[in-house]
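Single-letter residue listing:
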Amino acid sequence: MGGGTWDWQFTFEEVLPRLLDVVHVTILATLLGFLLAASLGLLFAIGRMSRNPWISRPLGEVVEFIRGTPLLVQIFFLYFILPDFGIVLPAFATGVVALGLHYATYCSEVYRAGLENIPRGQWEASTALNLSPFHTFKDVIIPQAVPPVVPALGNYLIAMFKETPLLSFIAVVELMQEAKLIGSEWFRYTEAITLVGVFFLVMSLIASVGVRRVERALRLPGR
Amino acid sequence: MEPMVRFEQVTKRYGDLTVLDRLDLEVMPNEKVAIIGPSGSGKTTVLRMLMTLERIDEGVIHVDGRPLTHMPKNGSSRNGDLVPANERWLRKVRGDIGMVFQHFNLFPHMTALQNCIEAPIRVLGLSRAEARERAAGLLDMVGLVDKKDHYPAQLSGGQQQRVAIARALAMRPKVMLFDEVTSALDPEVIGEVLNVIRKLGEEHNLTMLMVTHQMGFAKEFSDRVCFFYAGRIAEQGPPAQLFGDPQNERTRQFLSAVLEAG
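If you're matching them up, the sequences are chains A and F in order. Counting in our numbering, the first sequence runs from 1 upward without gaps. Counting in our numbering, the second sequence runs from 1001 upward without gaps.
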């Protein structure tokens, strides 16, 4: 790596503007990926609770399979192998789907813990009031199961955010990819890579404050 | 007159344990039946099966002339063939029944009022305004209209149980089940809950089944007392007779043990 010393001028005039230009890609990939992970994860968790073994068992195996293989392999798989089956997605969409799917399996375990913690009496009261399974989940179970697991979900949001650089492997121009480009153009990596690190650190800290806020807002009165 | 509730040779087992053993029980409309007996005698199971919280192994339960645990085969109500009820049938028939639980089971994330309007809106299709009006009336009846915006955690046990009674009534059931509704309460608030049940019995046209340890209340309130022992009704009769002159040795033992305790 050329230039052993830190070059502030280079940092402010070249690196920072270019990184700021692509910051939204990293953030968008994280948010869209997490949206997918959080909703798909809930569906996985509910599906795995199904009394119908034709639903619960295959879902359980899919979840275990996805959890048991590396995210990078899944990203490559979706990007290079799906086109052979006629499914061609842009790199960014592929990355979001891969992140979302991968983290959906982790989120589903989190939700499962939340769902299993709901006392049996809540289910029985729902039955006694003749609520449909849909309304039982939507109005009774999920509003109680999700708030306690928000911190755990928030941790996965932050973990996922820090894994977005993997998208650079399929040439999504997010922060890491841009840093690599800057590096190879100028033969200087120190500033760009350092700034990427700092950026992730700052964003993670902000995100954890946000998660704590949400956690507090979800607390019930009288508890 | 058709009975409101009819158990026909109902058997329930948990593994090797037979909790209910070919039970026959008929409850007439508007009748108040108290169910007493030692723990493990199957008395709570009777209510749980009637609320369809548990499936039965043998027999049939009818409510208001309709099979509850079973449904007519092929959807035709004419021929007598019954098959075990599916979820859709249960949804249709269990609306006749309401239940109040030992541990209240209020929804903790909803206020008292929200607890009482949730099912009327979602299940009966009432408008929010209608449901609120109905719920307010019932909360007034149980003496808690001023607490309607409180969450369960902000209410005492007795108040929570009264909200739970209002919540069940909001569905306008024909049969109300009370499963040891005072057992989890502090002694000083038991009275307020029993008063509500007493008032309910006087003012509403309801068939009531209650599993209870409050012998005094059972004696004063019920039309009939059923003493359960080992999954069967060992003895039943009007409270004066069952408490005053029990015929069965088991009943005598149980009553003397309970009365001695307190």
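The set of hints was computed from the structure by calculation and includes no laboratory data. Heads up, a few of these hints could be off.
What the hints assert, rightly or not - Across the chosen pairs, the derived CB separations fall in these ranges:
(1) F/His1213 / A/Asn155: 44 to 54 Å
(2) A/Ser56 / F/Thr1011: 24 to 34 Å
(3) A/Pro119 / F/Arg1066: 39 to 49 Å
(4) F/Pro1187 / A/Gly60: 45 to 55 Å
Predicted model only: the values in this text are computed from it and were never measured. The beta-carbon is built from N, C-alpha and C at its ideal position, and this holds for glycine as well.
Verification of the hints:
Between histidine 1213 of chain F and asparagine 155 of chain A the Cβ separation comes to about 47 Å, which falls inside the hinted range of 44 to 54 Å. Distance hint check for serine 56 of chain A and threonine 1011 of chain F: the Cβ-Cβ separation is about 29 Å, which falls inside the suggested range of 24 to 34 Å. Restraint check, proline 119 of chain A to arginine 1066 of chain F: a C-beta distance of roughly 31 Å breaks the suggested window 39 to 49 Å. About 48 Å separates the C-beta atoms of proline 1187 of chain F and glycine 60 of chain A, a value consistent with the hinted range of 45 to 55 Å.
Checked against the numbered hints given earlier, the structure breaks only hint 3 and satisfies all the rest.
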